[in-house]
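Engineer: As they're listed, the protein sequences go chains S and V.
Take the position in the first sequence, starting the count at 1, then add 15; the result is the number in this note's numbering.
Take the position in the second sequence, starting the count at 1, then add 901; the result is the number in this note's numbering.
Since the hints were made in silico from the structure, they are not lab data.
Certain hints may be false.
[To be verified] The calculated lysine-lysine pairs, modelled on DSSO-like cross-linking and capped at a C-alpha distance of 27 Å, are:
{"hint": "1", "chain 1": "V", "residue 1": "Lys1221", "chain 2": "S", "residue 2": "Lys19"}
{"hint": "2", "chain 1": "V", "residue 1": "Lys969", "chain 2": "S", "residue 2": "Lys381"}
{"hint": "3", "chain 1": "S", "residue 1": "Lys312", "chain 2": "V", "residue 2": "Lys921"}
{"hint": "4", "chain 1": "V", "residue 1": "Lys921", "chain 2": "S", "residue 2": "Lys251"}
{"hint": "5", "chain 1": "S", "residue 1": "Lys321", "chain 2": "S", "residue 2": "Lys95"}
[As the list claims (entries may be wrong)] Computed list of chain V residues with no C-beta within reach of chain S, every gap over 10 Å:
{"hint": "6", "residue": "His914"}
{"hint": "7", "residue": "Ala962"}
{"hint": "8", "residue": "Leu968"}
{"hint": "9", "residue": "Leu997"}
{"hint": "10", "residue": "Cys1037"}
{"hint": "11", "residue": "Lys1040"}
{"hint": "12", "residue": "Leu1105"}
{"hint": "13", "residue": "Leu1129"}
{"hint": "14", "residue": "Asn1145"}
The beta-carbon is built from N, C-alpha and C at its ideal position, and this holds for glycine as well.
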Amino acid sequence: MNMKKTFTIGGVHPDENKLTSEKPIVGLGLPKQAVYPLSQHIGAPSVPCVAKGDMVNVGTKIADAGGFMSAVIHSGVSGKVSKIDTVLDASGYRKPAIYIDVVDDVWEESIDRSETIVEECNLSSEEIINKIKEAGIVGLGGACFPTHVKLMPPKDCKIDSLVINAVECEPYLTADHRLMLEHPDEIIIGVKILLKALNINNAYIGIEENKPDAIALLQSKVANIPGIEVVSLKTKYPQGGEKQLIEAVTGRQVPPPPALPASVGVVVQNVGTVYAVYEAVQKNKPLFERVVTVTGKSVQNPANLKVRMGTPVSQVIDYAGGMPEDTGKLISGGPMMGRPLLNADVPVVKGTSGVLMLREADAIRKEEQHCIRCSKCVQACPMGLEPYLLATCGEKSDWERAEQEWIMSCIECGCCQSSCPSHRPLLDWVRLTKNKVGGIIRSRNTK
Amino acid sequence: MAKLFISTSPHAHNGDSVEKNMYAVVIALIPAFIASIVAFGLGSLIVTATSVISCLFFEWAITKYLLKQEKTTIWDGSAIVTGLLLAFNLPSNLPLYIIIVGALVAIGIGKMAFGGLGNNPFNPALVGRVFLLISCPAKMTSWPETHQLLSYADAVTTATPLSIMKDALYGNTAALNQLPELWKLFVGNTAGCLGEVSALALLLGLAYLLARRVITWHIPVSILGTVLVFTAIMWMVNPVMYANPLYHIFSGGLMLGAIFMATDYVTSPMTPKGMIIYGVGIGFLTVLIRYFGSYPEGMSFAILIMNAVNPLICNWCKPKRFGVVKK
Chain S
16 MNMKKTFTIG
26 GVHPDENKLT
36 SEKPIVGLGL
46 PKQAVYPLSQ
56 HIGAPSVPCV
66 AKGDMVNVGT
76 KIADAGGFMS
86 AVIHSGVSGK
96 VSKIDTVLDA
106 SGYRKPAIYI
116 DVVDDVWEES
126 IDRSETIVEE
136 CNLSSEEIIN
146 KIKEAGIVGL
156 GGACFPTHVK
166 LMPPKDCKID
176 SLVINAVECE
186 PYLTADHRLM
196 LEHPDEIIIG
206 VKILLKALNI
216 NNAYIGIEEN
226 KPDAIALLQS
236 KVANIPGIEV
246 VSLKTKYPQG
256 GEKQLIEAVT
266 GRQVPPPPAL
276 PASVGVVVQN
286 VGTVYAVYEA
296 VQKNKPLFER
306 VVTVTGKSVQ
316 NPANLKVRMG
326 TPVSQVIDYA
336 GGMPEDTGKL
346 ISGGPMMGRP
356 LLNADVPVVK
366 GTSGVLMLRE
376 ADAIRKEEQH
386 CIRCSKCVQA
396 CPMGLEPYLL
406 ATCGEKSDWE
416 RAEQEWIMSC
426 IECGCCQSSC
436 PSHRPLLDWV
446 RLTKNKVGGI
456 IRSRNTK
Chain V
902 MAKLFISTSP
912 HAHNGDSVEK
922 NMYAVVIALI
932 PAFIASIVAF
942 GLGSLIVTAT
952 SVISCLFFEW
962 AITKYLLKQE
972 KTTIWDGSAI
982 VTGLLLAFNL
992 PSNLPLYIII
1002 VGALVAIGIG
1012 KMAFGGLGNN
1022 PFNPALVGRV
1032 FLLISCPAKM
1042 TSWPETHQLL
1052 SYADAVTTAT
1062 PLSIMKDALY
1072 GNTAALNQLP
1082 ELWKLFVGNT
1092 AGCLGEVSAL
1102 ALLLGLAYLL
1112 ARRVITWHIP
1122 VSILGTVLVF
1132 TAIMWMVNPV
1142 MYANPLYHIF
1152 SGGLMLGAIF
1162 MATDYVTSPM
1172 TPKGMIIYGV
1182 GIGFLTVLIR
1192 YFGSYPEGMS
1202 FAILIMNAVN
1212 PLICNWCKPK
1222 RFGVVKK
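The shape of chain S in the complex, shown without the other chains:
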């Protein structure tokens, strides 16, 4: 029997609901006003480099990085900076943001807008990383970790493999899947560029077997390329988790935090990020648009859209036929790890992989019951933790025990809560507790 590769501990099989895997990517029209929150990534917020009244083009840098661990932001529209104010973003808080009133669609001249695929890349590793940094690229899988930082692993880590995350294990989302089907050549070039940036020769593209067309297509493209291998993975959530993917592809387990994936010699990049890297390095195009899946069981016209950053989510929803009457929850991202939105005025940002309208019946949490110690959360946890115990530690404010039970290893994938028969808010408790324990560890380390 052909045993398909996958990760070894836990995991669940949520309903896939990939309603849009047959829908080609379509460009969404321009918004009237675009809004750019300054915190779209992990790390320090960006610092605006434009002022009220400035005119910007598509691709003009509007904010500088706020530190090493930060990213620049470019405008996805042309027009006039109307104000620098705050906006309610996906976190549910008001955050500083740049507002731009759209005028025409004028692009920066440096951007190569032609259809031609540019294969040749003669840049050095430093030049590539610098270009990626200047293009404001962050991990597009949802975590938004600045890509240039990932490409500069600590000196004591010897990197030997690049793993491309093309798993898209979140139900409903198909943005990465469509990107692979429609731009396979660009993605392969992007992989080569990243290999060059890392000075290594070994890349794996991990795809779950629920996307056989993408596996076949990319396999045919890499057939004659030594060093790049397409790995077909058994479908299981959360295979797109960095640590799970590394184990599934290479068999190596990343040690618990604070260890990084680099400590086992691997750098992981999302396939959407790879495409953005291609565009940045070969076409001089900064990251100002991305593919967004707009979907939901009652949505009239679910689609995969190419959306300029800053566009309000409401415009994405309008394209899909408006928000259905029975919508109970509006989610940025997928149903397992996505963030709930307070309203549809929130702008599309770098990390918006999907706009999901969950039906009320699917969205409402059921009443919580006592833990019946069925151990289904323990069986589901991909990190080998005991979510019921961690949640109880949280309820009892027993931070010490929580730390001993490895709470910091939790990747917040939601497997536990989604399979709890008692509908206990396990991950809510674990998040709260993890936050508390994380704070205790930080203050201990600074002493």
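Dock chain V against the given chain S, drawing on the hints supplied.
Structural biologist: Okay, now just chain V, sitting in the frame of chain S:
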């Protein structure tokens, strides 16, 4: 715009519920129930109905009048499971009042006294059963013969295979020859508690529970495996005194206990390693009691003892943590 709910991820749930798990156990018990009706007829119906109805009644009364909860928990299925399992652990000619007392102890002391489902350290049905076994040992150990379909309290009683095996242990060298044929034990044609009569029916229930992923294989397999190995060794040492291991597997409450009682979520360990230690412990203690104890059967006591050890097992046996290398 529609009213939007806000809560953190995950936003999806796999649809599992306490009720689904409990009613799956009820469904898995149906073959054993049918086997008990075939074997013990009317008595089986009366005992089971009395036990289930009393369990439901006591849970309802306690939640309403003692705990003053607004919502009753009787429909979560756990009281029905307790009622069924208690009945399945009783002889089919037991007087009604004893069954009702057993149900009160099972639900009242075994479960609700600790705070209801999820908080009880011991299997409630076994608490009820063992209370009755100690309180009225004569009534609890008189076993009707099979195939007296219309009799209840007036049923003719006989020895169980386990009591015959106990005779052999006490020095009756001819005892083991009186054991019924093995297939009779397997399909359910020997005296005993009403639910434990047919190993075949119980195994069907096990297959259902495994297929529905209500339980995992660890606990039943480790219990049955331990009993098989332990009794096989003793049998090879002295086949006149110690019975064939298959008789041990198919007789008494072993199957019922291994599949339905020891696997009770609340009172069993939560990691595979813990489950196996727990199962081996139950199997070992059961055989120990069968061989050296004063009772012919030790399954109930073995499970209750391991229930008591369960918190320790949960502390000792941790799952394999991702990326953690044992030093």
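Engineer: If a hint holds in the structure, say so; if it does not, say that too.
Structural biologist: Do the hints match the structure? See the list:
Between Lys1221(V) and Lys19(S) the alpha-carbon distance is near 22 Å, which keeps this suggested pair within the 27 Å criterion. Between the alpha carbons of Lys969(V) and Lys381(S) the distance comes to roughly 22 Å, so the proposed pair stays at or under 27 Å and holds. Distance check on the hinted pair: Lys312(S) and Lys921(V) sit about 25 Å apart at the alpha-carbon level, within 27 Å; holds. Between Lys921(V) and Lys251(S), the direct Cα distance comes to roughly 24 Å. Compliance with the 27 Å bound is thereby established for this hinted pair.
A threshold of 27 Å between alpha carbons decides the hint, and for Lys321(S) with Lys95(S) the separation of about 23 Å falls inside it, so the pair holds. Listed as a non-interface residue, His914(V) fails to keep its Cβ farther than 10 Å from every Cβ of chain S; the least gap is roughly 5 Å. The beta carbon of Ala962(V) is kept farther than 10 Å from every beta carbon of chain S, the shortest such distance being approximately 19 Å. At roughly 13 Å, the least C-beta separation between Leu968(V) and chain S is larger than 10 Å, which holds for a residue marked as non-interface.
The Cβ of Leu997(V) sits about 31 Å from the closest Cβ of chain S, beyond the 10 Å cut-off, so the non-interface label holds. Listed as outside the interface, Cys1037(V) is consistent with that label: its C-beta sits roughly 31 Å from the nearest C-beta of chain S, beyond the 10 Å cut-off. Distance check on Lys1040(V): its Cβ is at least 33 Å (rounded) from any Cβ of chain S, clearing the 10 Å threshold; non-interface status holds. Here Leu1105(V) stays apart from chain S, with its beta-carbon at least about 22 Å from theirs, past the 10 Å limit.
Non-interface status of Leu1129(V) relative to chain S is upheld: no Cβ of that chain comes within 10 Å, the nearest being about 25 Å off. With a least CB separation of 35 Å from chain S, Asn1145(V) remains clear of the 10 Å interface cut-off, as annotated.
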